[in-house]
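First to last, the sequence lines map onto chains A and B.
Be aware that the first sequence starts at 1, since it is given in the UniProt record's numbering, and climbs by one per residue.
Be aware that the second sequence starts at 1, since it is given in the UniProt record's numbering, and climbs by one per residue.
Source of the hints: derived by calculation from the structure; they are not laboratory data.
All of these numbers come straight from a predicted model, not from anything done at the bench.
All C-beta atoms, glycine included, are put in the ideal place defined by N, C-alpha and C.
Keep in mind that the hints are not guaranteed to be accurate.
[Stated by the list, open to error] If you want a taste of the chain B side facing chain A, the calculated C-beta under 10 Å gives, among others: (1) Asp138; (2) Pro154; (3) Leu158.
[Said to hold, decoys possible] To give a feel for the contact side, a few chain B residues facing chain A, derived at Cβ under 7 Å: (4) Val159; (5) Lys269; (6) Ser270.
[To be verified] Capping the alpha-carbon separation at 25 Å, the derived lysine to aspartate or glutamate pairs in DMTMM-like fashion look like this: (7) B/Lys47 - A/Asp467; (8) B/Lys269 - A/Asp449; (9) B/Lys161 - A/Glu135; (10) A/Lys459 - B/Asp253; (11) A/Lys466 - B/Glu72; (12) B/Lys55 - A/Asp462; (13) A/Lys460 - B/Asp202; (14) B/Lys161 - A/Asp166; (15) A/Lys459 - B/Glu200; (16) A/Lys466 - B/Asp61; (17) A/Lys459 - B/Asp59; (18) A/Lys460 - B/Asp61; (19) A/Lys418 - A/Asp431; (20) B/Lys47 - A/Asp449; (21) B/Lys68 - A/Asp166; (22) A/Lys451 - B/Asp253.
Here is how the chains run, residue by residue.
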Amino acid sequence: MSNSPSELSRRTVLRRAAVAGALAVPAVSFLAACSDDDKGGDTGGTAKTPTNPFGMKEDATVEVVIFDGGYGQKYATDGLEPNFKTAWPKATVKHTATQDITALVQPRFQGGNPPEFVNNSGTKSMDFGALVADEQLADLTELWDAPSVDDPNKKVRDTVFAGTVDAGSFNGKPFVLYYVSTVFGIWHSGKLFKDNGWEAPKDWAGFLALCEKIKAKGITPYGYAGANAAYYQWNVILVQAAKIGGGDILKNIDNLEDGAWTNEAVVKAASAWGTLASKGYINPAFEGLKHTEVQLQQNQYKLAMYPSGDWLEGEQAATTPKDFEYQLAPVPAYDGSDKLSPGAVRSAAGEGYFVSKSSANKAAGLEFMRQMLSKKSARAFTEITEAHAPTVVAGASDGFAFPAGVKSSQAALAAAGKDVVTLFFDGWYQDLDKEARAATNELMFGRIDGKAWAERIQKKADAIKKDASITKFKR
Amino acid sequence: MRHGKYPFVAGFLFLPVLLYVTFVIYPTLRTFYISMTAWRGFSVAPKWIGFDNYKQLFDDDRFWQAIKHHLELLVALPLITIAVALFFAFLLNVGGGSKGGVRTGVWGSKFYRVVFFLPQVLAIAIVGVMFQTVYRPDNTGLVNGVLTKLGFDPVALLVNKNTALWAIMFVAIWQAIGFYVVLFSAGMASIPAEIYEAAELDGASRFSLFFRVTLPLLWDTIQVAWVYLGIAAFDFFALVNVLAQDGGYGGPDGATTTLATELYYAASKSKLGYASAIGVVLFFLTLTFAALTLRVTKRETIEY
C-alpha cells in the first residue's frame, strides 16, 4: 500500500463494507433458492478425504486472478502460489494480475468459464452483492467446515479471528473470504506527541483539553477530508456512541431499528464532535479537500489527529518523514459512565477473495483458499506486502516485527479485548452511507447540530426501511 | 453506366453500414432492451422487469436534481460561451478597424488566437485536475492563495451548494471558448469584405457592424454551436467526476449531479438495467433538444 495506488488500497477496505452487506442488491432474496443444491461441490473433483477435503484432482489447474493494487501481486507469486505448489506438486497455477478486475473477469462470467479464484478488489472490482445475487460465487460453508492445513483436528473456521466468516456472509451464507485484518481509530505522529509531551486522550474532556494545547501550538488539532472521506468521521461518531451506549447501538443501526440513529447515545456523541468547528479545532478548508491532501498535512505536522483505518501507514509511506512514527489510538471514550471500556475499537476484515461457482475446477479454487489460510501463507502475506498487514489467520504474524503504526493498531486491538465493535450498514444500504456522509459534513463544519444530524439520517433510514424494493439484511 | 449504379453504390456502402449497424444501431437497441431488465452484468439471461427501472428512476429525487441541472446548463452554457466567443472572434477578426479596405483584428490578435485555443488542446480530465488546484479551499489553491494574501477569507466554491455547479460550469466555459472562437473566426472570414466596406461607407459603427452584419451572416454557424453546446450540456460528466465533492458523485449532496453522473454510478454498482434506463432517457432528451433547436432557429440562409 505504498505509493500511488494507495487510492486503491483504501477502496479495498471500502470493499469490505461494500461487501459485508450485499449492497442494495434487490436480488439477494434469490439466495435462498440458489445455493442449497450446491451441485458444483464435486465439479472437476475426485474422492474427498481429510487431506483433500474438496476432492480436488491432483493435476488440476487453478486460475488465480490477483488485484495488483495496494498489496501488489508479489505476495501471490512469491508466497501463496509456491506454498500451494508445495502442497500439490502436480497441480498447475495459472497466475494473472490486473488493476481492472471487472474488465478481466466479468466477460468470463458472461461466457460461462470464470477463473477459479479471484481477488475482487480495487475501484474497478465487481459488486459482490450482484455476484451473489446472480449465483456466481461458491458457497464457502464447505471451506470453513473443512479441516485446516495446520491442524487437521481443527476446522478452518476455528483458525481465523471471530467475525471473519460473518464479514463475508450474505444473509447468513458465506461467499467471500476477507483476508486482511483492519482496525479503525485516530492516528497521530508519535514524534510530534512525544516532542510536545502530549498523550493520546482517553475521554472526551481529555480530547478537548489536548485540542486546546495543540491549537495553541499553531497546529490544526483534528480533521478529516470532507470531499471524499466523510465516512471516516461518521465512523468515529458511531464508535464513540457505541462506547457510550454499548455495541447494540451499532447493531440497531445496521438492522434499521426504529430510532436507532436518534438514540440518546448517538446524539450525545454527534453533539460532542459537532462542537469542534466552533472551537476552531478543525480547519474549515478540509471540507473541500481529499483524503490524500489532508493526510499529507498530517505528515507535514500541520494536522495532529486524523481518523482512519490501519492501512493509512502503508498508504502514506512515500510522504511520511522517517521519524514520524504513526500511532493509532482508539476513538476517545465519552466519560466514566460509558458502557464499553475506553479502549474499545472497531475492527473488521477486508480485501475480498472468492471462488467461482461455475469454474472448471471449483474444488481446486477452494483448496487454494484453504491453503492460503495456513499460518505459513498468511505470514508470507504479512511479510511480503509493503503494508505488512496482518491477516485474519490467528497467530500467523506472532513475533513479526510490524512497523510502528501496525504495531500500535495491533496493540489497540489486543487491549480492546472483547470490546470490539463492528458495523455493516454502509455496505448494505449505500444510500444511507451517502446520507450519513452529507449530514456529517454539515455537522462537522458547523451548519447543523447533533440532534439535526441524527434526525436527518434517521429519516433516510426510515425511508429505506419502508422501501420494499431494497433487500434488507440482519445481523 | 446507369445500368450498374445501385449495386455499385451499395458495394461501397456495405462496409460502413455494417460497421454502423454493429457499433451504433445494435448497441443502442440493446440498451433499450437492457433498460427493461434487472441485469447486473453476470448472468447470460437478464430478467425482464418491464418499466420498473423507469418507475424507480422517476421516483428518485437525484434524477430530478440532475434534470434541473441540465436545464441550468442548457441555458447558461451555450449562452455564455457563444456570447464570449463571438465577442472575442469579432475583436480578433473585425474589431481592429480597416487597413486598405481589409478588416483586421485588434493589435496582437494572432497571439490571442493561440492563447484562447490553448485550453482546447488539453484533455478534459487534465483541465479538471488543474482546476482542483485552482479551487482548493485552503491557501494552497490559486483562488484562495490570492484571496488570503489580500486579507480575505478563503472561499470554498466547490463545497458551497450554491456555487458548486457554477464553479464547474465556469471550467467548461473556459475550456470551450477557444474552439468557438476558431469556429466563429472561420465563419467571419467567409463573410465577403465588400459587405463590411459598404456598411462602413454608410457610416456604421463597430457596434452596428457586429449586430447588423456579422451576427446575421454568422447565424448558421451560431446555430451549429448552440446544438454542440446543448449536447455538451446533456453530456456533462467528466468535469463533475473529477471536481465534485463526494468523490465525484455530484456532491455536495447532489448539488452538481447530472444524468451521466447518475448513470456512471449506477453502472459501477452493477445496476446495469437502471443505468441503461438513465441512458435511454438521456438519449431522448438529447435527440429532442437537437431537433427542437434546429427547428426553432431555422432561418433563411443568406447567399453571398
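So which of the earlier hints does this model not fit? Of the numbered hints given earlier, those the structure breaks are 8, 9, 11, 13, 14, 15, 19, 20, 21, listed in rising order.
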